[in-house]
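**Q** Residues per chain are reported as follows:
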Amino acid sequence: MAVTLQSSRFGELQIPAEAVLDFPNGLIGLGGRRFALLARSEESAFVWLHSMDDPELAIPVTNPWRFFESYELELSDDEAERIGVTSPEDALVYVTVRSAAALEDFCANLRAPILVVGNQGHQIINQAPEAPVRAPLFAGLQEEPSTKAA
Amino acid sequence: MLIITRRPGEKIMVGDDVVVEVIEVSGSSVRIGIAAPKSIPVYREEIWAAVQAENRAAAASDVDQLPDDVPAPTKKS
Numbered sequence: 787m788a789v790t791l792q793s794s795r796f797g798e799l800q801i802p803a804e805a806v807l808d809f810p811n812g813l814i815g816l817g818g819r820r821f822a823l824l825a826r827s828e829e830s831a832f833v834w835l836h837s838m839d840d841p842e843l844a845i846p847v848t849n850p851w852r853f854f855e856s857y858e859l860e861l862s863d864d865e866a867e868r869i870g871v872t873s874p875e876d877a878l879v880y881v882t883v884r885s886a887a888a889l890e891d892f893c894a895n896l897r898a899p900i901l902v903v904g905n906q907g908h909q910i911i912n913q914a915p916e917a918p919v920r921a922p923l924f925a926g927l928q929e930e931p932s933t934k935a936a
Numbered sequence: 006m007l008i009i010t011r012r013p014g015e016k017i018m019v020g021d022d023v024v025v026e027v028i029e030v031s032g033s034s035v036r037i038g039i040a041a042p043k044s045i046p047v048y049r050e051e052i053w054a055a056v057q058a059e060n061r062a063a064a065a066s067d068v069d070q071l072p073d074d075v076p077a078p079t080k081k082s
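As given, the protein sequences belong to chains U and P, one line each in that order.
Residues in the first sequence are numbered from 787 upward in steps of one, following my numbering.
Residues in the second sequence are numbered from 6 upward in steps of one, following my numbering.
Incorrect hints may appear among the rest.
Cβ-Cβ distance ranges computed for the label pairs, FRET-style [to be verified]: (1) P/Thr10 with U/Leu878: 44 to 52 Å; (2) P/Ser34 with U/Glu855: 32 to 40 Å; (3) U/Glu804 with P/Pro13: 46 to 54 Å; (4) U/Asp863 with P/Ala54: 21 to 29 Å; (5) U/Glu867 with P/Ser34: 36 to 44 Å; (6) U/Ser794 with P/Ala54: 20 to 28 Å; (7) U/Glu828 with P/Lys16: 49 to 57 Å; (8) P/Ala40 with U/Ala825: 38 to 46 Å; (9) P/Lys16 with U/Pro841: 37 to 45 Å; (10) U/Ala887 with P/Pro13: 31 to 39 Å; (11) U/Glu804 with P/Ala54: 33 to 41 Å.
Now the stretches of chain U that chain P is said to cover, found in silico as 3 or more residues with beta-carbon under 8 Å [stated by the list, open to error]: (12) 813-825; (13) 865-872; (14) 878-888.
Negatives, chain P to chain U, calculated, CB over 10 Å [unchecked claim]: (15) Ile9; (16) Arg12; (17) Pro13; (18) Glu15; (19) Ile17; (20) Met18; (21) Asp22; (22) Val24; (23) Val25; (24) Ser31; (25) Ser33; (26) Val56; (27) Val68.
By construction, these hints were calculated from the structure, which means they are not laboratory data.
Every residue gets a Cβ at the ideal spot worked out from N, C-alpha and C, and that includes glycine.
Based on the provided sequences and hints, a complete structural model is requested.
**A** Quick look at the structure:
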């Protein structure tokens with residue numbers, strides 16, 4: 787069974803009903819309730835987290851470990867209990883991406899990742915010590931290959 | 006905004022389900038306890054505001070700006 791997603795960016799799309807994610811608390815400060823993940827292809831680094839109900843609301847997200855090998859994710863006990871995970875391995879993890887005209891200005895939010903558990907989504911606060919709200923994705927691009935990854 | 010003066014040990018009810026308690030006052034800091042249903046997240050305001058700002062910026066992202074082929078980040082072997 788499919789449901790229709792209206793998108794100001796992509797037009798009208800059909801989404802399998804089982805792919806719709808329920809965000810009980812929406813996205814922090816932005817709200818929303820039902821979302822779907824849209825990928826251009828399987829190899830795409832970036833996936834769009836698209837609202838099912840607001841055609842304009844969509845955010846690029848990515849797998850943080852694709853860009854940040856040593857990314858650490860820690861949940862507070864309260865938050866783990868609230869979203870129903872015993873450890874971060876129970877969830878798919880995405881971070882939001884702020885795009886820009888130049889690749890060097892792309893940033894990911896490592897402080898507030900989005901965890902998908904089953905068909906539920908939650909944007910949570912990462913308690914790990916070094917998790918900036920704005921972490922450049924492509925900072926290493928201009929440098930020599932021998933310098934360490936971001 | 007409702008402004009209330011409390012002493013340590015005193016509480017405030019927000020609706021029927023959220024309790025805010027002043028635990029301790031020490032110098033210029035206040036230790037505050039918040040009891041809320043599990044379904045309600047509680048954030049330090051500055052973190053919430055920073056995340057909201059970043060969410061908004063990310064939501065303004067342009068389809069054309071996202072590359073299909075992403076240069077591989079340098080990886081340790």
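**Q** Of the hints stated earlier, which fail here?
**A** 5, 10, 26 and 27
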